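Novice: Sequence:
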Amino acid sequence: MMRWWIVVGAVNAFLSVAAGAFGAHALKARLAQDLQVIFETGARYHMYHALALVAVGLLGTVRPSALLESAGWAMLAGIVLFSGSLYALALSGVRVLGAITPLGGLAFLAGWALFAVAAWRTSP
Numbered sequence: 018m019m020r021w022w023i024v025v026g027a028v029n030a031f032l033s034v035a036a037g038a039f040g041a042h043a044l045k046a047r048l049a050q051d052l053q054v055i056f057e058t059g060a061r062y063h064m065y066h067a068l069a070l071v072a073v074g075l076l077g078t079v080r081p082s083a084l085l086e087s088a089g090w091a092m093l094a095g096i097v098l099f100s101g102s103l104y105a106l107a108l109s110g111v112r113v114l115g116a117i118t119p120l121g122g123l124a125f126l127a128g129w130a131l132f133a134v135a136a137w138r139t140s141p
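Sequential numbering from 18 applies to the sequence shown in this note's numbering.
Calculated directly from the structure, the hints in this document are not laboratory data. Bear in mind that the values here come from a model prediction, so they are computed numbers and not experimental data. Ideal Cβ placement from N, Cα and C applies to all residues, glycine included. Keep in mind that a hint or two might mislead.
As the list claims (entries may be wrong) - Now the in silico label distances, taken between C-beta atoms and shown as ranges:
(1) A41 x S109: 15 to 23 Å
(2) R20 x R112: 21 to 29 Å
(3) L44 x L120: 21 to 29 Å
(4) A41 x R138: 39 to 47 Å
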């Protein structure tokens, strides 16, 4: 299962780069500046957490743990909720979607906390 997190992280890194390029080029002339910034924030956090998923998988190949599994799921939920809501807000202009974003932030925080505990427990 831990190898799966490496693949999921790599796929999300790919998607993040694609989203960033799309935002920087295709959306530049179509979105207001504030919506461009929102889209860029989604792409940036998407990449950070894609790399974190790779780290979850790499640590898990050495020391698999349920905490790492939970960290991966929390970070993936964060990508969907945080970055996904920012992408949707920027593309649609529907500001109420911003209410979902903090839930993604909480998922990111939970993921990092679980990762930290798992890393601490796997230390030799």
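Novice: Hints numbered earlier in the text: which of these fail when held up against the supplied structure?
Specialist: 2
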